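Number of protein chains: 2
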Amino acid sequence: MKKVLAIDVGGTKLTYAVTDEKGNFLTEIKKTATPKNIDELKNLFKQIISEYDNKTDIVAFATAGAVNIDNTKVESSTPNMPDGYNKLDFSTLSKKPVFVENDANAAAWAEYKVGAAVNEPNNITITLGTGVGGGFIVNGILLRGKSGKAGEVGSMKINGRDRICTCHRKNCFESYASGTGLKKTAEEIAENDSIFKNSIYKTKKPEEITTYDIIDGLKKNDEYSKKVFNIWKQDLIIGLINITNIFDTETIVISGGMGEFIDTKELETAINNEIVVSPVKIKLAKAGNYSGMIGAAILACDKF
Amino acid sequence: MKKVLAIDVGGTKLTYAVTDEKGNFLTEIKKTATPKNIDELKNLFKQIISEYDNKTDIVAFATAGAVNIDNTKVESSTPNMPDGYNKLDFSTLSKKPVFVENDANAAAWAEYKVGAAVNEPNNITITLGTGVGGGFIVNGILLRGKSGKAGEVGSMKINGRDRICTCHRKNCFESYASGTGLKKTAEEIAENDSIFKNSIYKTKKPEEITTYDIIDGLKKNDEYSKKVFNIWKQDLIIGLINITNIFDTETIVISGGMGEFIDTKELETAINNEIVVSPVKIKLAKAGNYSGMIGAAILACDKF
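From first to last, the protein sequence lines stand for chains A and B.
For the first sequence, position 82 (counting from the first letter as 1) is numbered 64 according to this note's numbering, and the numbering increases by one without interruption.
For the second sequence, position 20 (counting from the first letter as 1) is numbered 2 according to this note's numbering, and the numbering increases by one without interruption.
Hints in this document: simulated from the structure, not taken from any laboratory.
Since the model is a prediction, treat every value here as computed from it, not as a measurement.
Fair warning: there could be bad hints in the mix.
One copy or any two copies: either way a pair holds, since identical chains are not told apart in the list.
[As the list claims (entries may be wrong)] Calculated lysine to any residue pairs in the SDA-like style (CA-CA distance at most 20 Å, straight line):
| id | residue 1 | residue 2 |
| --- | --- | --- |
| 1 | LYS152 | GLN216 |
| 2 | LYS152 | ILE257 |
| 3 | LYS152 | LEU249 |
| 4 | LYS215 | ASP144 |
| 5 | LYS13 | LYS24 |
| 6 | LYS152 | THR251 |
| 7 | LYS152 | PRO79 |
| 8 | LYS(-16) | LYS37 |
| 9 | LYS268 | ILE51 |
| 10 | LYS128 | GLU256 |
| 11 | LYS209 | ASN6 |
| 12 | LYS184 | GLY111 |
| 13 | LYS202 | ASN254 |
| 14 | LYS128 | VAL100 |
| 15 | LYS179 | SER59 |
| 16 | LYS128 | LYS263 |
| 17 | LYS152 | ILE213 |
| 18 | LYS152 | GLU250 |
| 19 | LYS128 | GLU102 |
| 20 | LYS13 | ASN174 |
| 21 | LYS128 | GLU250 |
| 22 | LYS247 | PRO79 |
| 23 | LYS202 | SER176 |
| 24 | LYS28 | GLU248 |
| 25 | LYS187 | GLU248 |
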């Protein structure tokens, strides 16, 4: 049985532990801050790898950013990572086999192998957080595309409200269906809809209303918050209809911070009423907060 | 070398011939009208199959409609086909192996195996005709989904102009990017934009303007026609951006009647300026009018 040093590299923190081939944790999970300088980051990687040198056969990274087709390098721009991160050849960090995969792809693989979509070779994991990410499993294979960058579902254009995304493009799914998107919808409705006048937030400036306010407003039966959340949900549903119609997928797994506010049954009914392919199941993620490490470890064992 | 009786079943006509394993035609291609009655259609199938009985090893159908995962039956509603078409079990038509695949999927497979996307294991064929169809090749495998219905890209919602599609849903890609969509855009602009007052078509009623008028108007430098065509092209580009971002595909092959009016280089530049994945190539289809038969024949030989 191979042992894997699994490392999840985020913009603010870095998490690591040893797992077996199935992603079961064999050591305590450790956390540390992600250094802001590429040389410090590289040194930290080497230090962690040497610490576990005697106990592991493979090193597996899950990281922000699009990963090249050989699983050795991050190729996209990664604004939250140190400058030079996308020049780092991960395979040089150890004499052992090193594997790197995008964190959303790794999380999707974990959901397929040990999470909410086990035994479903056609499934999609959508991450709803600050942004919107996606990992697509097709015929039991992770969809990576010609260059490893596939799955950029957050950039799908879904709507005509002409919203400008943080990427400066227009009408990206992410700009509507993310947590940030919910806040933006809250601002739009506060500015343009008289329903705001009777809201519990009416004394706030539209741009001050947060995602948390809307979620809290739902519990307090605030009509404005309900309207905002419903529009957000409709935008989310449009994106999920689109990918269901294209992939005829068995299950869409919802992960990320916004997932907990979703009624999966309600979403499932709305999507299945509108699609032209066979019905899809909507489930919440099960592999947990460390799904990136788990998925990367399992993928690495499949490769090496 | 296996020999295949390949039959393309459309709403109005039926085309058939014998091919080898690579889809090369070994006999003359014959055409006949598609009977409007299911029993007549079944009898015609049997008659054609018996005619070639001594010369072929496999029967392969390309057909309108979504095909089940076992490639034996059409499962979707097919309004242009006789009632009962989706109850027909194709495997009962002959003692030999019988294979049936959706015509857009078969055409995509032909483009991948012998057409415009040879040696490109990640490619997509989009058919722009009366409707919009799609066939998706991922890692060298035809994307079929959990039930065989994958690839319904025409039902992707792309826009907020609230156009009602022929399927009665709102904002389908097909309702904008098809030939029918171009006519609908022509009508919209004629009704709402003063540019129509100076058009060569100004004496026509908006609903009388045809797709052909717009194409002809381009050649005659009619500003109204140019505006209509540009909006149609922008809508098409949005859909192609979406699928490129999700699939990170190497090539999009454009087939169908509207393909001939497209400047592939212009489209390629517009798409590559907007996507977040690696650049995509846009090519016109090469496998020709009989790509459905060719693709079905090659797929059938792979299966049997």
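Status of the hints after comparison with the structure:
Both within a single protomer and between protomers do LYS152 and GLN216 lie at most 20 Å apart by alpha-carbon distance, with minima of 18 Å and 13 Å respectively. Only between protomers do LYS152 and ILE257 lie at most 20 Å apart by alpha-carbon distance; the minimum there is 12 Å, versus 25 Å within a single protomer. Proximity of LYS152 and LEU249 under a CA criterion of 20 Å is satisfied inter-copy only: 18 Å between copies versus 25 Å inside one chain copy. With identical chains, the CA atoms of LYS215 and ASP144 are at most 20 Å apart both within one copy (18 Å) and between copies (18 Å).
When the C-alpha separation of LYS13 and LYS24 is checked against a cutoff of 20 Å, the pair qualifies only within one copy, where the shortest distance is 16 Å, while the shortest distance between copies is 67 Å. For the homomeric pair LYS152 and THR251, the shortest alpha-carbon distance between copies (18 Å) is at most 20 Å, but the shortest distance inside one copy (29 Å) is not. Proximity of LYS152 to PRO79 under the C-alpha cut-off of 20 Å is found in neither arrangement, the shortest distances being 41 Å within a copy and 50 Å between copies. Within a single copy, LYS(-16) and LYS37 get their C-alpha atoms as close as 10 Å, which meets the 20 Å cut-off; across copies the closest is 54 Å, which misses it.
Taking the shortest alpha-carbon separations for LYS268 and ILE51, neither the intra-copy value of 27 Å nor the inter-copy value of 28 Å comes in at or below 20 Å. When the C-alpha separation of LYS128 and GLU256 is checked against a cutoff of 20 Å, the pair qualifies only between copies, where the shortest distance is 18 Å, while the shortest distance within a copy is 31 Å. In this homomeric assembly, LYS209 and ASN6 never come within 20 Å of each other (Cα to Cα): the closest approach is 42 Å inside a single copy and 59 Å across copies. Proximity of LYS184 and GLY111 under a CA criterion of 20 Å is satisfied in neither setting, with 26 Å inside one chain copy and 51 Å between copies.
In this assembly of identical chains, the alpha carbons of LYS202 and ASN254 never lie at most 20 Å apart, being 30 Å within a copy and 46 Å across copies at closest. In this homomeric assembly, LYS128 and VAL100 come within 20 Å of each other (Cα to Cα) only across copies, at 14 Å, whereas the closest approach inside a single copy is 26 Å. When the C-alpha separation of LYS179 and SER59 is checked against a cutoff of 20 Å, the pair qualifies neither within a copy, at 42 Å, nor between copies, at 48 Å. Taking the shortest alpha-carbon separations for LYS128 and LYS263, only the inter-copy value of 12 Å comes in at or below 20 Å, while the best intra-copy value is 29 Å.
When the C-alpha separation of LYS152 and ILE213 is checked against a cutoff of 20 Å, the pair qualifies both within a copy, at 18 Å, and between copies, at 16 Å. For a Cα distance limit of 20 Å, the shortest separation of LYS152 from GLU250 across copies, 19 Å, qualifies, whereas the shortest one inside one copy, 27 Å, does not. When the C-alpha separation of LYS128 and GLU102 is checked against a cutoff of 20 Å, the pair qualifies only between copies, where the shortest distance is 9 Å, while the shortest distance within a copy is 24 Å. Taking CA atoms no more than 20 Å apart as the test, LYS13 paired with ASN174 passes in neither setting, with 44 Å inside one copy and 60 Å between copies.
Proximity of LYS128 to GLU250 under the C-alpha cut-off of 20 Å is restricted to the inter-copy arrangement: shortest distance 16 Å between copies versus 31 Å within a copy. Within a single copy, LYS247 and PRO79 get their C-alpha atoms no closer than 43 Å, and across copies no closer than 42 Å, so neither meets the 20 Å cut-off. With identical chains, the CA atoms of LYS202 and SER176 are at most 20 Å apart within one copy only, with a shortest distance of 19 Å there and 50 Å across copies. In this assembly of identical chains, LYS28 and GLU248 lie within 20 Å of each other by CA distance neither inside one copy nor across copies; the values are 47 Å within and 47 Å between.
For the identical chains of this complex, LYS187 and GLU248 are neighbours neither inside a copy (32 Å) nor across copies (44 Å), given an alpha-carbon limit of 20 Å.
Hints 7, 9, 11, 12, 13, 15, 20, 22, 24, 25 from the earlier list are contradicted by this structure; the remaining hints agree with it.
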